[in-house]
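Chains as they are written, first to last, in my numbering: chain V, 1 to 625; chain U, 1 to 100; chain Y, 1 to 177; chain D, 1 to 519.
Treat the hints as calculated values from the structure; they're not laboratory data. All values derive from a computational prediction rather than experimental measurement. Treat the hints with care, as some may be off.
Lysine-lysine pairs mimicking DSBU-like chemistry, simulated, CA-CA at most 30 Å apart [stated by the list, open to error]:
no.	chain 1	residue 1	chain 2	residue 2
1	V	Lys575	D	Lys306
2	V	Lys566	D	Lys112
3	D	Lys468	D	Lys112
4	D	Lys454	D	Lys468
5	V	Lys27	D	Lys372
6	D	Lys112	D	Lys306
These are the residues of each chain, in order.
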Amino acid sequence: MGQLTLIVVLPLLGFLLNGLAGDRLGKGFVSAVGCGLPAVSFLLTVKCFLDLAAGGDAPLVETAYTWAAVGDSAFAVSFWFDRLAAVMTLIVTGVGTLIHVYSIGYMHADRSYARYFAYLNLFLFFMLLLVLGKSLLVLFVGWEGVGLASYLLIGFWFEDMDKARAGKKAFIANRIGDAGFLLGMFVLYSALGTLEMDRINAAFSASPLPAVSASLIGVLLFVGATGKSAQIPLYVWLPDAMAGPTPVSALIHAATMVTAGVYMVARLAPVYVHAPEASQLVAFVGALTAIFAATIAIAQTDIKKVLAYSTVSQLGFMFVALGVGAYGVAVFHVYTHAFFKACLFLGAGSVIHALSGEQDIRKMGGLARKIPVTFVTFLVATAAIAGIPPLAGFFSKDEILWFAFASGRGGSTLLWLVMSATALLTAFYMFRLLWLTFFGRSRMDPEVEHHVHESPLSMTAVLAVLALLSAVGGFLSIPHFLEPQLPLPAVPEALARYQTPLVAVAVAIGLAGLAAAAFVYGGTGERARRLAQRFAGVHRVLYDKYYVDELYDAVLARPLLWVSEKVFLGLGDRKLLDGTLNGMAALASRGAGLLGRVQIGSLQFYAFLVLAATVAVILWSWRHV
Amino acid sequence: MDKTQVLLALAVALFALGMIGVVVRRNVLVMLMCMELMLNGVNLSLVTFAHQAASNVGAVLVFLVFVVAAAEIAIAIPIVLLLVRSKRTLDLASYSDLKG
Amino acid sequence: MIERLLANLDTLLLYLFAACAFVSAALMIVLAQPMRVALALISTMVFLGGIYGLLGVHFIAAFQVLIYVGAVMVFMVYAIMLLDVRDPAYQRRYSRYLVPGILAGVAFFAALAWGLAREFADVAEGGPAAGGAFGIQQFAAAFLNEYWLHFELTSVLLVAAVVAALAVINVSRRDRG
Amino acid sequence: MSDAALLNVVLWLPVAGMLAIAALPKGADDAVRWLAFAVMVAQLLATAALYGRFDPAVAGLQFETRVPWIPDWGVHYQIGLDGYNVLLVMLTAFLGPLVVAGAFSAIRQDVKLFHAMVFLIQFAMLGTFVAQDLFVFYVFWETMLIPMFVIIGVWGGERRIYATLKFVLYTAFGSILMLAAVIYLVWALYQASGEVSFAFADLYRVALPVDVQALLLAAFALSFAIKVPMVPLHTWLPDAHVEAPTAGSVILAGVLLKMGTYGFMKLGFPLFPEATRLAIPLVMALSVVSIVYGACLALVQTDIKKIIAYSSISHLGYVMLGLASLDLLGIQGAVIQMVSHGLTAAGLFLMVGMIYERCHTRDLAAYGGLAKALPVYSVFFMILTLASVGLPTTSGFTGEFLVLAGAFRSSWLAFQAGGSGFNLAMASLAVAGVVLGALYMLWFAQRFLFGAAKVPHAPVPDLNLREKLVLAAIVAAVFALGLYPAPAMEKTELAAKEYQRLVAGAPAAKQARAEGSAR
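Work out the full structure: start from the sequences and follow the hints.
Spelled out as structure tokens, the structure:
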């Protein structure tokens, strides 16, 4: 078994061991297997990375086996390790391992400890399949697989029906996207006869181009991405997905899985290069999602919901970058976002842990001194996401804003304005969160306050590592690293001179957000209340997330059920089909009843009938012979 | 009108009379006899045709009909006797038990 | 005149027998007493036998009298004598279907007769081929050479009839016992 | 023993089992069960041996037996394995022991009769699959009705009489039309070539005018479509499933429904290729309607068994779609989907039977939170649910993916070549069916397994060893087909190509057809 295969298979092994035997072998075993195998995967990835560098950038390719062969086309399960895959694999295994370690502390009291680690390992397996797959088919297997893992983990505490329902919602929303993704795959396969992504990319890099609309493919695949990466209109599942354990939110719903859509688009960049319409759509949806989610995040009161909407918004940033052709920059943001958002979620987890499960930020406050490590790491990550230099988020966000403005492939001032406004909102709501949680007076229940405690070392150490990465991660220029594979879009000469001023504007935006949050939420919080009262209507709408869930329920779910129940079942099956059948049966039995009257039991009557009929037959035959 | 036609007409007439008898008479025994009459009508037509075609096949068939008639009556009469024992009447109208 | 009559005596007798047979058959419908009906039937059969004889198939004529009159009708007459004369069926001759039955019967006859007239009008009297009839020898030879299977089948049929009659009698015995 | 003889053994072993059971004394219920199980296992082993020796590189029949049966009519007892039936025969043999094992504790009355009927239906199903002579096929086809009738009618639920009547009437109605078509077909062969034969291979060569083909295809298709069942001929299925005992449902969903799709693949479409090509838009449309309609109806059921029954309609819609695509991927996918549905639906019905034995109700509202009360049960149930949804790594994905890919590719290419976009629209709609599939199955699983624990008869014991083994066997097969379908698909590849050639009518095929009719 090759090393790439091993990277993928090790977490699967962990899943099987923990899933089948974990309950019997105790927590020590579960932790060792659950964290050890991903760690080994990570080390192997590092080794592969070194091999890649040593091999002069020739991608590592490994074929595990042929899944199916039909006629002249074979579907092979093979893995492909180039720079892009390397970055993603490192993020997935690295952050993944850290979050596994964190989970040891976070989940230590849970009854289903082994099940939890089994699911987490299963997720890693599918995620690695997604990232390393050479064929779109393998990618799709991973794509659906992570959806499954997400479903299982969101509904991890399934006894709570709401949580189970949230898991289902995530799966369904993803499935809708997957249907689009499947269609995109089929178009590709029909047109090119292959699903191997290297061959697809080669076909679209060569001339003449394949005789198929790249935009059609791009749009269909992007539908899949809107599901997985929580973009409008399929983003609704992600906030609900916070029902799962917090480390899961950090790993799946912030750092790795939700960025799969971004990865997929970047992976098929050559297709999108030739799909200007699709790219425009991607940028448009990304920008819309970014600002839309950011406005919702302002008014949320659940610490994890704020972070969830922030994730949706940040994903919007990434898609804007993809839409303007800056694929490397998008991956850069994936990379920095993985660090600071994981750190934020884990920090939130630590807060929730400290507060015995309380998630409402209206019932927090003044925690900075009580849980200092959490506070510091959270602060660093918040500053990173807000784009305060020189933290990681600043670099990637700045580049996105720059290309949104200047890219020769769809950049525009309007786009830049929207994204800058979003950045401002981001800084504002993140610092609001920080303020409400850690500063000011305590609003906690006395009972809860009494038990506040800093988290164990396994959790705080992970927080520290992630905070460190959020701080310095930006100095590693991923776009530059990926440039041989994903060239950056050309910038028109005339715009080049705006670069430095725009950096300054970006920094100013981040600081302005900070200042605004401090102004509104600092002190007694009186200003925030007045603000909310003055704009009560807007606040209401934002608090209720624009009523999108209600809208979907009224427009999609209810009509579907109504049609199924009333039209298909009631009218179609019962009335029309069974009705026809029963009608025919009734007709037959009534006809039989009618004919049965003839059966009066009189032999002579029968004889008479025979005679009459014979006469009729004879007469008829005379006429026709 | 020649001989063959007359005989065939007689055959048809006998058959028709037998049939009428079966339908209109009440007495089971009379009905049985009317059936015999019908058989006779058929026999007559067979013989006539055989005579006209100078073939012996008709005669063979007639012979078979004789046997059938004998067999029929051999079973029918005991059945009638049994029926009469159960309901003490030969009236067919009282045996209409097999109503639909 | 008489010569001509004598020459056509066969034909005359034939018509006479036919007329008698028809009248006797018609009487069967009308007569009330079963015994009389039986006698009418016997007379029909005898006249038919006469017709067979005139047609030259003497052995059929003989069978007609022997089997029908001698066996079947005797059996029938026994049965009639065995049964109760006070049976109401003896008083009420006809069933409900008297009128429709007669109408249908007449229609039946008319239909067939019309067909007869139409179909056989142009068939000239082919006449029996050269002395036409065949004797009992030919009949027996044909029966045992060509139609032996049918012959055997009649015996099977008779055996079946015997068994059936016995079974019916058995049923009555069991009922009694 | 030669392989051909072994195939005969496989076919006739159930009859032997039936006789053996009949010889056992009354009341020896356990002996009957174990004997039945042993015979089924023996049959499975023999079939597995045949399956292993089946050479994927050989086109046409293998292990063939052909002896005259009714020489005057040209009827031969001709059986054999080919790519069309090899997987289905394997599936049938595989489910046999599981059906018996699943009924160990469920069937308490008339145990002897029950197992005899199971054997009879096993015999009839295998016979239908392996028959290579239309007469033999028809005889087996009709024989299937009887044991199913008895199984539902004797051990069924409260409305079993209604259900059996509906089932039998529907099926018999279709069969009679098929019989007429069969007779006409053989007569046409006789007219064309002067020979009387019911052999499939000979009938393939009959060349008929396209309007006659259309009529005959309609007659065959009606019979097969009722068995599949395709909307709007499906209403017998939910009733039959709901009233049938577990074993009946398992057989019905596991194998019997595949008779229809197998019939289309082996007979209906290849016998009348020109008419089929004309009818393809219709077939595709009906398939998609079945997929969507079945899924929608599954969404609003409250009876557990009905949900799975309607899901069967939806899943078999995929099979029909694959067959109608005339694309190698789609055809192969259809075969895999048949097997996959056989496994998952059989598994789900077995699981419903297990919970019914414990709680005595099929009302979904009575259940909830089983994951807590019955963890092992829930794991198996979840796996089968996900396989039914078509999640990758399970057999459901293999089938659905290949079918959809094939249907899409063929209609896409036709569209690109200037054809109408109707088929393309249908194929795309079918992809949307994937969403509905997830919707109803997950909704079902959620209400069934999750939430606060609610069980009608607490405490409920979790699965015992027998049940675990039965389900583990099914789950293993599901994963085997999902993770590595290549070996199975290899066996059917040549048959799929032949089917494609017969129906799509490559130039070579037309020539052979012309020669056949000239002969």
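Now the hints, each set against the structure:
no.	hint	result
1	V:Lys575 <-> D:Lys306	18 Å, holds
2	V:Lys566 <-> D:Lys112	44 Å, violated
3	D:Lys468 <-> D:Lys112	25 Å, holds
4	D:Lys454 <-> D:Lys468	23 Å, holds
5	V:Lys27 <-> D:Lys372	20 Å, holds
6	D:Lys112 <-> D:Lys306	29 Å, holds
Of the numbered hints given earlier, the model fails hint 2 alone.
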